[in-house]
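Q: Chains X and H, in that order, give the protein sequences. Residues in the first sequence are numbered from 1 upward in steps of one, following this note's numbering. Residues in the second sequence are numbered from 417 upward in steps of one, following this note's numbering.
These are calculated hints, taken from the structure and not from any lab test. Mixed in with the good hints, there may be bad ones.
Straight-line Cα separation of at most 25 Å, DMTMM-like style, residue types lysine to aspartate or glutamate; simulated pairs [stated by the list, open to error]: (1) H:427 with H:747; (2) H:430 with H:765; (3) H:533 with H:439; (4) H:533 with H:608; (5) H:427 with X:117; (6) H:751 with X:117; (7) X:355 with H:529; (8) X:279 with H:596; (9) H:593 with X:379; (10) H:525 with X:196; (11) H:525 with X:379; (12) X:66 with H:710; (13) H:593 with X:289; (14) H:604 with X:283; (15) H:525 with X:354; (16) H:790 with H:455; (17) X:66 with H:425; (18) H:744 with X:117; (19) X:279 with H:496; (20) X:344 with H:455; (21) H:599 with X:289.
Cβ-Cβ distance ranges computed for the label pairs, FRET-style [claimed, not checked]: (22) H:801 with X:166: 47 to 57 Å; (23) H:438 with X:161: 55 to 65 Å; (24) X:219 with H:659: 25 to 35 Å; (25) X:113 with H:592: 34 to 44 Å; (26) X:178 with H:419: 16 to 26 Å; (27) H:661 with X:7: 40 to 50 Å.
If we take Cβ atoms under 7 Å as the criterion, some of the chain H residues that face chain X in the derived model are [as the list claims (entries may be wrong)]: (28) 453; (29) 456; (30) 502; (31) 553; (32) 554; (33) 560; (34) 565; (35) 666; (36) 700.
Ideal Cβ positions, reconstructed from N, Cα and C, are used throughout, including at glycine.
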Amino acid sequence: MISFSRFVLPNGLRVIHHYDPDSSVVVLNTLFNVGARDESSDKTGFAHLFEHLMFGGSKNVASYDKAVENAGGSNNAFTNNEYTNYYITVPAENAETAFWLESDRMFQLNINPQTLEVQRGVVVEEFKQRCHNAPFGMLWHHLRGLLYQKNPYRWPTIGEDVSHIENAVLEDVSAFYKKHYHPANAVLCVAGQISEEETRSLCEKWYADIAPTGDVNSNLYATDPLPETRRFMETEDLSPNPAVFMVWRGPFFQNPESAALELFADLFGGSEISPLYTKWVKENPVFNDAAAFYLRSNGEGLLVLYGVLNEGETHAHGEKCLLETFNAAVAGKFFTERHMERVKNKATSALLFEKASLINRAQKLCYFENLGDINAVHDEDAIYRYVSLHEMLKIVAGNINPGAAAVLYYHSKQSS
Amino acid sequence: MNFRSTAPEAKTIKELSFVAPKEFTLSGGQSLFTSPKRDLGVIKLLFYWPYGTAHQSVPMLARATQTLRLSGNKNLSAEEIQEGFEYWGAAANLDVGLLSSTLVLQIQKQHLEQSLKWLMEQGAEPVFPEEELMVFKQVEVASLLRRMQTPRYWSSRLCFETLYGKDSADTRFANPKDIENLKATDLKNWFEKHLPFSGAKLFASGDFGDDERKAVERLVGTASALETPPALALPQNPEFNSNIRHNMDHAQQVSLYMGKALPRLTIHEMQTASFVNMFLGGFFGSRLMQDLRETRGLTYGIGSGLTPSAHGFTWYISGEMNSQNAEKAAEATRKIMLGLAGNPPVGEELEKARRCASGQLRAGFDGPFSLPAKWQFLMQNNLPESYYATYMDRIWSITSDEISEFADNYLHPDSFTLALAGKLS
């Protein structure tokens with residue numbers, strides 16, 4: 001149980017306070033309700049590029065990082081398709097520095113040509129490092145392109161094409177900031193060794209005068225109908241081992257059915273004792289690695305199965321192995337009530353360990369508040385508890401059409 | 417006056433206060449260190465053995481043994497053993513470093529008894545089944561071949577192999593053939609000699625109180641002290657001042673890796689080295705990050721650090737950059753290294769690093785699971801418990817002249833090996 005209190009400033013900023021007497025630090029976690037799905041198709045990678053620009057200083061803070069370091073703190077951020085999350089940790093006695101820094105960059109960021117030029121270069125190198133220099137680095141570019149035609153989930157957070165980042169101009173960046181980076185479109189969690197009273201007082205002081213400059217994100221996006229037939233592409237990759245990936249779209253995070261799909265994926269291919277792994281990596285080694293997972297998100301979830309092929313195995317055979325085993329699992333061939341008990345215990349343990357970290361708790365509180373129901377943070381475990389084996393399999397069968405997967409074949413590119 | 421234009425006072429952190437782990441001796445003689453109890457519902461129990469890859473006779477032996485130690489015994493298969501953990505929502509995470517091997521049992525407090533009992537019963541006498549070793553080989557070879565496609569893999573490997581020699585305790589990078597040649601009997605021998613539960617030190621953290629301690633006392637077997645790890649052979653023909661270039665046509669970047677072997681340092685020298693490293697590439701405000709990333713946008717990330725070696729430490733610098741920028745970045749790195757001796761940090765730069773290092777030192781002790789890693793570091797490097805408190809003092813007492821002198825002694829770029837791997841322009 002994560003204890004918290006919540007209040008809303010007149011400018012629309014939602015604030016969550018979470019007290020941890022055992023901690024010596026204070027965390028300020030700020031979630032802005034803007035992600036890669038809010039980009040236009042010719043300017044992808046923008047939300048992530050903007051995350052970098054947020055460290056370029058603001059009207060009253062010449063250097064954000066220097067100020068954090070001066071206070072003995074640390075900070076970081078991440079962007080995904082749905083939101084952008086910034087967190088700063090400072091010694092408890094320097095909590096006000098964090099309020100100063102975070103509020104000032106929400107109030108008036110210093111967006112200038114020099115910062116933009118440098119960060120464009122940094123992000124381009126990040127793109128190459130993550131996508132071009134790593135085996136299967138372009139995976140999500142390929143998969144998302146197969147899954148969606150209109151929906152902005154069709155490109156990954158890093159951007160569809162590196163040229164979009166190279167071509168970003170100051171005007172676009174400023175408009176992005178004005179539209180999305182304001183208090184009514186954000187959630188702030190103040191966590192750690194700080195009282196509720198002090199939190200309220202510091203929020204009043206540092207955030208109350210920041211006016212909203214845009215609307216609250218409507219979270220409405222173009223949708224694509226669920227595919228009814230198999231979609232397919234094949235491409236080359238620097239991995240010496242060819243691979244098969246199969247993906248389906250599934251229910252979004254708040255839908256309890258997404259938890260059932262998560263449990264199923266874990267049982268089916270989440271560990272080395274899953275039927276997918278034991279059957280095709282150990283007993284009959286078609287693959288040298290195989291797994292399944294359900295990527296929950298507050299847009300749509302994705303069920304992913306994959307296998308990395310051993311030498312001499314064909315893609316078609318690999319796909320057949322994945323699909324036949326999946327069908328057998330959904331038909332109830334592999335799992336018993338003991339399996340259900342096991343996967344629920346695993347999920348519960350994972351949640352408890354997640355919540356042991358102060359930063360994780362702050363991020364969870366912001367995440368659920370942004371979804372519209374912060375109290376749901378208490379029910380994460382309960383969602384796992386309710387579902388039975390029979391219900392889980394029924395939910396998977398009802399959501400996943402085996403014949404309508406997005407299928408990706410990776411061939412090995414000859415390399416030096 | 418605009419209240420925002422005045423920064424709130426940032427107080428300096430000069431003291432480190434934490435509750436040190438309590439040490440208990442189990443009935444068999446093993447040490448059990450416990451962190452202060454936190455009401456979380458979960459526990460981490462770490463088993464630590466002072467043997468790692470530096471002590472192995474052939475590449476991958478230590479990793480293979482530790483990875484497969486729960487892969488079957490005379491009664492149960494790997495799947496059955498793993499199922500026993502997962503049923504209780506527990507996980508046994510296995511790892512191997514240069515100088516140690518670890519097993520971390522992550523458990524819900526309510527299932528401590530069942531999970532720990534299971535670990536003790538099923539993990540005491542592994543048989544390393546041939547079929548499990550075969551799967552391990554297949555998976556590891558494929559994974560290694562994928563890693564070998566990345567510039568980072570080659571820059572670090574070539575740097576270490578040049579620095580210490582290909583067959584030294586510090587390197588022993590595995591090739592696919594080494595993995596394929598592993599034998600179950602060698603794994604069994606390695607396990608029996610170096611990794612029995614009876615020879616481990618234990619660290620408990622999280623929701624761990626007296627009742628849980630009694631359960632550990634009851635369930636963890638009696639000890640038979642391990643031999644002290646033998647002295648490791650000195651590297652043969654170590655080289656320095658080597659400039660290695662490794663072209664990879666398919667790559668889109670170049671990975672830079674620079675390294676230097678440091679001898680075993682005194683506590684005072686270690687603390688100085690840690691703090692001097694801050695200025696080089698040890699934090700976001702370091703000279704490398706500020707110049708190469710924040711001013712020139714040449715890299716997504718570049719950093720430096722000190723990593724344990726068989727006979728001391730390796731000081732390394734590592735980063736990835738555009739092919740056209742690689743030589744430029746290497747040259748800039750050399751200048752920054754020289755600059756720490758010729759133009760040591762003073763004033764604001766020195767103060768900022770002090771504040772940052774002291775804040776991070778304290779934050780490193782925050783959280784319910786922080787202490788075991790801190791104690792593991794002390795143990796691995798034969799350091800006293802007072803190390804962290806004295807490091808805090810050192811951060812605030814070190815002078816600019818001392819930094820200059822230390823950098824002059826240890827950080828001259830000509831004494832480092834440089835490896836650039838990737839698409840060389």
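Q: Take the hints in turn and mark each one as holding or not.
A: Against the structure, the hints:
This hinted pair does not check out: residue 427 of chain H and residue 747 of chain H have alpha carbons roughly 38 Å apart, beyond 25 Å. Between residue 430 of chain H and residue 765 of chain H the CA atoms are separated by roughly 17 Å; this keeps the pair inside 25 Å, and the hint holds. A hinted pair counts as satisfied when its Cα atoms are at most 25 Å apart, and residue 533 of chain H with residue 439 of chain H qualifies at roughly 22 Å. Only pairs whose Cα atoms come within 25 Å are accepted, and residue 533 of chain H paired with residue 608 of chain H is accepted, the gap being roughly 20 Å.
For a cut-off of 25 Å, the pair hint linking residue 427 of chain H to residue 117 of chain X is broken: about 34 Å separates their Cα positions. With a C-alpha separation of about 24 Å, the suggested pair residue 751 of chain H and residue 117 of chain X falls inside the 25 Å cut-off, and the hint holds. Annotation: proposed proximity of residue 355 of chain X to residue 529 of chain H holds, straight-line Cα distance about 22 Å (limit 25 Å). For a cut-off of 25 Å, the pair hint linking residue 279 of chain X to residue 596 of chain H stands: about 22 Å separates their Cα positions.
Only pairs whose Cα atoms come within 25 Å are accepted, and residue 593 of chain H paired with residue 379 of chain X is rejected, the gap being roughly 50 Å. A hinted pair counts as satisfied when its Cα atoms are at most 25 Å apart, and residue 525 of chain H with residue 196 of chain X does not qualify at roughly 30 Å. Our distance criterion of 25 Å between C-alpha atoms is met by residue 525 of chain H and residue 379 of chain X, whose separation comes to about 20 Å. With a CA separation close to 12 Å, the supplied pair residue 66 of chain X and residue 710 of chain H stays within the 25 Å bound.
Of the pairs offered as hints, the one joining residue 593 of chain H and residue 289 of chain X holds, with about 19 Å between alpha carbons and a cut-off of 25 Å not exceeded. The hinted pair formed by residue 604 of chain H and residue 283 of chain X meets the criterion: a straight-line CA distance of about 23 Å does not exceed 25 Å. For a cut-off of 25 Å, the pair hint linking residue 525 of chain H to residue 354 of chain X stands: about 15 Å separates their Cα positions. Taken as a hint, the residue 790 of chain H and residue 455 of chain H pair is honoured in the structure, with Cα atoms around 21 Å apart against an allowance of 25 Å.
The hinted pair formed by residue 66 of chain X and residue 425 of chain H meets the criterion: a straight-line CA distance of about 14 Å does not exceed 25 Å. With a C-alpha separation of about 18 Å, the suggested pairing of residue 744 of chain H with residue 117 of chain X holds against the 25 Å cut-off. With a CA separation close to 15 Å, the supplied pair residue 279 of chain X and residue 496 of chain H stays within the 25 Å bound. A threshold of 25 Å between alpha carbons decides the hint, and for residue 344 of chain X with residue 455 of chain H the separation of about 22 Å falls inside it, so the pair holds.
Among the hinted pairs, residue 599 of chain H with residue 289 of chain X is consistent with the structure: their alpha-carbon atoms are about 22 Å apart, no more than 25 Å. In this structure the supplied range 47 to 57 Å holds for residue 801 of chain H paired with residue 166 of chain X, their Cβ-Cβ distance being about 53 Å. Evaluation of the 55 to 65 Å hint for residue 438 of chain H and residue 161 of chain X yields a pass: the beta carbon distance comes to about 57 Å. In this structure the supplied range 25 to 35 Å is violated for residue 219 of chain X paired with residue 659 of chain H, their Cβ-Cβ distance being about 54 Å.
For residue 113 of chain X and residue 592 of chain H, the hinted distance range of 34 to 44 Å is not satisfied, since their beta carbons lie about 50 Å from each other. Distance hint check for residue 178 of chain X and residue 419 of chain H: the Cβ-Cβ separation is about 23 Å, which falls inside the suggested range of 16 to 26 Å. Remark: the range hint 40 to 50 Å for residue 661 of chain H to residue 7 of chain X is contradicted by a beta-carbon distance near 60 Å. At a threshold of 7 Å, the smallest CB-CB gap from residue 453 of chain H to chain X is about 10 Å, leaving the interface hint violated.
Here the hint on residue 456 of chain H is kept, as its CB sits about 5 Å from the closest CB of chain X, short of 7 Å. Nearest Cβ of chain X to the Cβ of residue 502 of chain H: about 5 Å, under the 7 Å cut. The hint holds. Given the 7 Å rule on beta carbons, the hint for residue 553 of chain H is violated: about 10 Å separates it from the nearest Cβ of chain X. Interface hint status for residue 554 of chain H: upheld, as the beta-carbon distance to the closest one in chain X is roughly 5 Å, under 7 Å.
Annotation: residue 560 of chain H was flagged as interfacial toward chain X, and the flag is violated, the nearest CB pair being 10 Å apart, outside 7 Å. Look at residue 565 of chain H: its Cβ gets to within about 5 Å of chain X, closer than 7 Å, so that hint holds up. A distance limit of 7 Å between C-beta atoms decides the matter here; for residue 666 of chain H the minimum to chain X is near 4 Å, and the interface restraint holds. For the restraint placing residue 700 of chain H at the interface with chain X, the shortest Cβ-Cβ distance is roughly 5 Å, inside the 7 Å limit, so the hint holds.
Checked against the numbered hints above, the structure breaks hints 1, 5, 9, 10, 24, 25, 27, 28, 31, 33 and satisfies the rest.
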